[in-house]
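There are 2 protein chains.
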Amino acid sequence: MAVGDVTMPQMHVVKGVKIGSTEAYVRYQNRRDLVIFEFAEGSNVAGVFTQNAFCAAPVHVSKAHLQLANPRYLVINTGNANAGTGKIGMANAEATCAKLAELAGVSKTEILPFSTGVIGEQLPLARLLTGLQPALNTLKDDAWLDAATGIMTTDTLPKGASEQFELDGITYTMTGISKGAGMIRPNMATMLGYVATDVPISRELVQQLLKTTVNVSFNRITIDGDTSTNDSCIFVATGQAGGTEITSVDDARYTVVLDVLTRVMKRLAQLIVRDGEGATKFMTVAVEGGADTQECCDIAYSIAHSPLVKTAFFASDPNWGRILAAIGYAGVTNLDVEKIQVWLDDVQICKDGGAAADYTEEAGARVMSQAEITIRVDLGRGQAKDTVYTCDLSYDYVKINADYRS
Amino acid sequence: MAVGDVTMPQMHVVKGVKIGSTEAYVRYQNRRDLVIFEFAEGSNVAGVFTQNAFCAAPVHVSKAHLQLANPRYLVINTGNANAGTGKIGMANAEATCAKLAELAGVSKTEILPFSTGVIGEQLPLARLLTGLQPALNTLKDDAWLDAATGIMTTDTLPKGASEQFELDGITYTMTGISKGAGMIRPNMATMLGYVATDVPISRELVQQLLKTTVNVSFNRITIDGDTSTNDSCIFVATGQAGGTEITSVDDARYTVVLDVLTRVMKRLAQLIVRDGEGATKFMTVAVEGGADTQECCDIAYSIAHSPLVKTAFFASDPNWGRILAAIGYAGVTNLDVEKIQVWLDDVQICKDGGAAADYTEEAGARVMSQAEITIRVDLGRGQAKDTVYTCDLSYDYVKINADYRS
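Heads up: the protein sequence lines correspond to chains A and B, in order.
Oh and the first sequence: position 286 is 286 in the numbering used here, straight run, nothing missing.
Oh and the second sequence: position 153 is 153 in the numbering used here, straight run, nothing missing.
Calculated from the structure, these hints are not laboratory results.
Please note that the accuracy of each hint is not assured.
Any copy will do: because identical chains look the same in the list, a pair fits if it lies in one copy or spans two.
[As the list claims (entries may be wrong)] Below 20 Å or equal to it, Euclidean Cα-Cα: the simulated EDC-like pairs (lysine to aspartate or glutamate) are:
id: 1; residue 1: Lys87; residue 2: Asp336
id: 2; residue 1: Lys18; residue 2: Glu110
id: 3; residue 1: Lys18; residue 2: Asp352
id: 4; residue 1: Lys18; residue 2: Glu102
id: 5; residue 1: Lys399; residue 2: Asp250
id: 6; residue 1: Lys339; residue 2: Glu121
id: 7; residue 1: Lys99; residue 2: Glu110
id: 8; residue 1: Lys87; residue 2: Glu338
id: 9; residue 1: Lys87; residue 2: Asp352
id: 10; residue 1: Lys140; residue 2: Glu23
id: 11; residue 1: Lys351; residue 2: Glu362
id: 12; residue 1: Lys385; residue 2: Asp336
id: 13; residue 1: Lys87; residue 2: Asp358
id: 14; residue 1: Lys18; residue 2: Asp146
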């Protein structure tokens, strides 16, 4: 069961984006499992992809195509990750693009393929190709919920975020979807994110906006520390709502777009954690007072990855010894433990590296009973800070990952 | 329940080592919780300690004392880790040494203190000091089992290893004990190891032997990736069985001692994994064909730490996709995935980076049904290799760590 507010908002239409989907029977019956995005000509598209050395065939193809052209179509299947599939997998990803290019009348390199699902099995290519025309037939602008549902694997709910905002008298929209509930699912792979806006933005700035916001959202979440073979996030600016193109970070509108995109990306990333496998608590790990951002990030991840911290939160046990130990083994040099403060929300549990004198079990228990908790750490050695989002480790995590066999 | 053969062997007496123990009521009633080692004058002692920045007070004191003198006594309590206890904790560790020094008639710096148990509470110093004389009163050479039992926290069984061997017509003994079952226990801390031999060895070589063997034993195990505040391992050579002192690695006897110590240390380390929290399987992760040892170690730990790999083994699911993904995110650069082979014991599950063509579910299921499994990975890019030992991740791990509240 997902943690906290995970409702789909009203998914505003983005001008210049159409979405089609169908049941292609990739793995399961009676479910939407093939989604196509169509972007208006002139759209600028950026992508970021998994760092895993075993990245999937569609990731290789998408990265190559992105270098060559501005994509007009995305084609996404669920049920099969097309990862660990060798040369046949590459050929299948290319064949999917080629067929869609033929049907849509564009170049093959203007198509990016994405797959999520079981690793190590070949795509059922014939069924996938057969599904392309039916999916194209359903293209419409008001289908973001269909897309969010169509890319789910074992997610318990579709994930979306959407905002409208005004710049120089024009109303623009930023809408996105994501999927994922473990860094890797049982056999199922991973995190996908697609965000679109109708603001006109240069391709260079689209890339910069994506990189900047991924680093505070999708690159700051962890469920089990496992990085998938298929992680991908795409941001597109269609420019179809009018206005002049943003081509400089000094343009006042850039800051507004950055703010909106940051909120949308954080929401999409946090929804993945809220729907984390077996999650019963949503934890924000905020580390401040660091000498630099990297050490704050390292310590935040050390806490967020610790199975002992995660089980303590599942048990509602305000076990500060485990948090201190995780800080201590993060590999940060010359840490002065006597300067370290730790809070759970507003309750200080650790003062100057030891138990806080005025801490009471009652105060700790009050915070730990909540479904959402912030662990705040002050390192007392600088001004840098960073934040990571995670969930607890429950029986159900083991159950989901041990029992699952598709 | 521990995995595989975990029986205590016959614990041979080490000449020059006496062991005393008592019930000091540190935390629990009716259990031996205070252990003292006495080493003959002239013994050479080496120690290695946790890298955690939050290391416990006794670790600070032991490291300092080791610099100043060759220890004559070790004093070990269980039930309280004396970690996260600030200046009072340091004073308590020093006071324990001072009192034992007075009773035993040696210098305070000739004593090393060790604590394991709950983090963040002060030692019950009066009870501990009261227990010192009763423990001294029981000193005898044939008490290794008492020591192994006396240092347990939530270990389900005492852990020991012992060998006898002959060098130049003299029979020598190597005997050791260890404790630990998670890298950190719930609140309880961690891994301790004490190994003694009556071979005469120079202090410099005692240190070198310890460092070399720790790197293939205690530094190559993981249960949950959490590094404790109190990890310590001590090796002592009393020289009391006679013969000339080994002062050079070129002495033929050095190699024999290194071999024996390696076996004893590996056994003591592996016993900790076999008794891992909730463990149902013992896994050896052997990575070969690497460009250097570090990358083999990194990949072995990446596999051994992966919650998805560990739950798959708990479920007896030969899920090679999870193993490949863990190899892929280990951070090793320029990995050619098409050169990677993976075996479970003698069954090849992954060939040239993809599913092995002749792999069958039956063959995989046969290996996965075993309690002990070797995951062997060949990176196909060099001659280096390294091995890490771990266990699976079960419901009971979560249960032990979530439910535990001392």
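Hints, one by one, checked against the model:
no.	hint	in the structure
1	Lys87 with Asp336	between (52 Å within a copy, 14 Å between copies)
2	Lys18 with Glu110	within (16 Å within a copy, 77 Å between copies)
3	Lys18 with Asp352	neither (55 Å within a copy, 40 Å between copies)
4	Lys18 with Glu102	within (18 Å within a copy, 84 Å between copies)
5	Lys399 with Asp250	neither (51 Å within a copy, 54 Å between copies)
6	Lys339 with Glu121	between (52 Å within a copy, 19 Å between copies)
7	Lys99 with Glu110	within (12 Å within a copy, 79 Å between copies)
8	Lys87 with Glu338	between (55 Å within a copy, 10 Å between copies)
9	Lys87 with Asp352	between (57 Å within a copy, 11 Å between copies)
10	Lys140 with Glu23	within (16 Å within a copy, 77 Å between copies)
11	Lys351 with Glu362	within (17 Å within a copy, 56 Å between copies)
12	Lys385 with Asp336	within (17 Å within a copy, 36 Å between copies)
13	Lys87 with Asp358	between (63 Å within a copy, 18 Å between copies)
14	Lys18 with Asp146	within (11 Å within a copy, 74 Å between copies)
The earlier numbered hints that this structure contradicts are 3 and 5.
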